[in-house]
Amino acid sequence: MLEIEKINVSYGDLQALWDISLKVGEKEIVALIGPNGAGKTTTLKTITGLLRPFGGEIKFLGIVMEKMAIHKRVEIGISLVPEGRGLFPGMTVLENLEMGAFTAKGRSCKDETLEQVFELFPILKNRKKQAAGTLSGGEQQMLAIGRGLMSKPKLLLFDEPSWGLSPLLSKVIYEVIGQINSSGVTILLIEQNVRIALELANRAYVVENGRIVNQGNSRNMLNDQHIREAYLGTESV
Amino acid sequence: MNWQVFAQSLLFGIFVGGLYGLAAVGLSLVFGVMKMLNVAHGELLMLGGYATFWFFSLYHIDPFLSLLPSAFILFLIGMGLYKGLFSPLAKLHEEVKIKNSLLIGFGLSLVFHNLAIRLWTADERSVSVLYSGWGFSLFGLRFPFIRFSGLVLATIVILALHQFLTKTYFGKSIRATTENWESAALMGINIEKTSMISFALGATLAAMAGTIVSVGYAIHPAMGLEWTLKALIVVVLAGLGNIGGAFAAGVLLGAVESVSTLFVGPYMEVVGLVLFLLVLELRPQGLFGKSIG
Amino acid sequence: MVEEEELFSQRKILFLSIVIAVFLALVPLLTKRNDLINILILIFLYICLAQSWNILGGYAGQVSLGHAAFFGLGAITTRFLWVWGYPFFLAFLIGGVVAVFFALIIGHPALRLKGIYFAIGTLGLGQILKITIGNVLPTVADLPGDYIATYNLIPRYYLFLILAGITVAAVYWISHSKLGLGMVAVREDEEAAKASGVNTFRQKMIALVISTFFAGLAGGAFAFYHVSYYHDLPFSPTWTFDALLITFVGGVGTIVGPVVGAFFYAIFKELFVRTFPQLHVFIFGVLFIVVVLLLPGGLVEMAGRIRRLLTAKKAATST
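Residue numbers (my numbering), protein chains in the order written: chain U, 1 to 237; chain F, 1001 to 1293; chain Z, 2001 to 2319.
Heads up, some of the hints might be wrong.
[What the hints assert, rightly or not] Here are the in silico distance ranges between beta carbons for each label pair:
hint, chain 1, residue 1, chain 2, residue 2, range
1, F, Asp1123, Z, Asp2035, 27 to 33 Å
2, F, Leu1287, U, Asp111, 36 to 42 Å
3, F, Arg1118, U, Asn8, 49 to 55 Å
4, F, Leu1065, U, Thr92, 36 to 42 Å
Simulated from the structure, these hints should not be mistaken for lab results.
Built from N, CA and C at the ideal position, the CB exists for glycine as well.
Here chain U stands alone, though its shape is the one from the complex (with noise of 0.2 Å):
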């Protein structure tokens, strides 16, 4: 579904990643996994349209898009659900998932897809009329993660889902996720906790100083002896 071949992005005259290739077959859930500041949201943001790759290939579903406008890419079924929620704080509950239907497609079957994230988020429905700043760490997650799903995405993008949310909660979310995978939905995620990424998660890729430097079927990556010692060492939360 997704076929990203030897891209290259900076942030200036800052180079952030080198050759990076990829793929995301449908339905599947993959990881991005690595340390801070290795280059996994900046991969994300060039997914998105966020940052234009200079060398490299995009393709989405067949089509090439590396030069595509963002909102382009939201039409063709590409959906993010960022860093830090990312949501209107001044809006409501409500307005911001409408906000997440503003596509053509979104729009056609905004009460039905409003449905399907009320049953799926119930504290979301109870809350439609509140401001999304005021909400807690937890719902706002939630809150991010239905928005994404407004527009029937076909591939969902993640970025460090379980961030400041407590074990239980981010256990919640990956749970949300695995259902949203199972209706239909193609999973690309990055996140900081790589022992419950790669329990969800069918394959993954090691993203170190901008470089893939390692990937693979994710069960056998828990047991890989190198990322043990270096991702899963320390089980501190």
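Assemble chains F and Z onto chain U, guided by the hints.
Same frame as chain U, now just chains F and Z:
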């Protein structure tokens, strides 16, 4: 000085304050969406006034009737100006973007100022209609028809804008862009188009204020700077990006200025500046704004 | 800053400047033509006006939209003190000080916040001073009879020449000093400068003081030069426009830019004064927009590009 003089002065201040508010809301809207400040905003107001003047002196169309056509013309001009001058700046880093937009607006105001002198001479103009002198009295206070209508009109426009921003999809997308443009883009919102329409809307609001000014007060080519400054002070008083508060702050400024004429006479302009400096010093986020982190 | 080093080597510049300065100093001895002297005075005035803005706006990156306020404050202070009998040079310097005082009133709250507040504040100061002076002193500032009787153009010429020279020298000194480096750091990336320990507020304030002091002096010279003018004339936003147009079209943040800009601006103004009185403003206004959008370095950058193009061509043809 008795209460009647005071109240009358206050009333006149509120009338003109409504126009300050209308101009400021347009500016605030543009800033909220684009994060750029158009210091030629006052010139757009001036052009709206001159458009009304032209409709009246060339075709004898009543200013309240030509309000919408004038506003529409300025909407188109606004779109063109955005596309040509401000859109290229949109991709820049925040501080550079603001600085360059100040400069572009500044150059633009110069060009418009000169254009106005060329087209309409440097003389003051005013639209005089049959009912220019009409008014009514309430509680012993005089309500000149045109200035009062100006306030009513401004209020109606602001309420309509509020409905637009809260009940329509496009209006909500404008608010979303104001709050977080990156997330807005990730929703599928076309930021370029939204910015252009917002800028054009800002020009339209300015034009409507300009129409009232041409009928109820007077217009001249140098007025752009005065009105830009009023709008800027109001926007800072309300808090940068606070669209709703801008109208209230405008009325407040108008009222305070007018009343202070009674106390400090020819130094009344200084009051606005003093308010501005006080807000900067004590509450930079504005009277209605959230705390600056 | 480095670009200019490419264009002119330091020693060449110093030599050239001295030659020009000497030549200009000799002009009043070589000619009796007042119109020539007056146009040179106009050029010097514009140089001072533009360079003073350049220090704050070009080097420290703080856009002031009310330069006329400081120009006017210097003018009105100097005029009154001088006409009341105080020695001119005292009046002149106090004019500069008064300008700085008002600058600090705006600068103190505004420079701690984002640049936009300073722009609005200075715009406000300029506009409000103009209107208030126009209200309170709507008359013409006349010179007493004996002042007019003893009026001599030559000392005024030298005053402007020296003032222009000093402001150019000040810009040169700043651009080669640690102070200038600090200012440019603030201009380029204030957050980064703060993070590396630069006291950005202090840098901005210093630039503000220097800039507005010279603007005030320029105003004082203006008041010394003109026999009669409306009190609110030096507060007119036109002077702010002039400063910005000249600086940007010439090359903002450079030493030579405002000088070149001032020269052409004054010449254009005189050329079209009978046919299209405001044409020089219109032309520079359009050029200004072009510069901001496309050619940030102004004429100086353009000259640099042409030079590089010619040297590249020369290198290509000589092989």
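Going through the hints against the structure:
1. Against the hinted window of 27 to 33 Å, the Cβ-Cβ separation of Asp1123 of chain F and Asp2035 of chain Z comes to about 32 Å, which satisfies the hint.
2. Checked against the given bound of 36 to 42 Å, the beta carbons of Leu1287 of chain F and Asp111 of chain U, roughly 40 Å apart, stay inside it.
3. At roughly 52 Å, the beta-carbon separation of Arg1118 of chain F and Asn8 of chain U lies within the given 49 to 55 Å, and the hint holds.
4. Between Leu1065 of chain F and Thr92 of chain U the CB atoms are about 39 Å apart, so this pair conforms to the stated range of 36 to 42 Å.
This entry satisfies every hint, going by the numbered hints stated previously.
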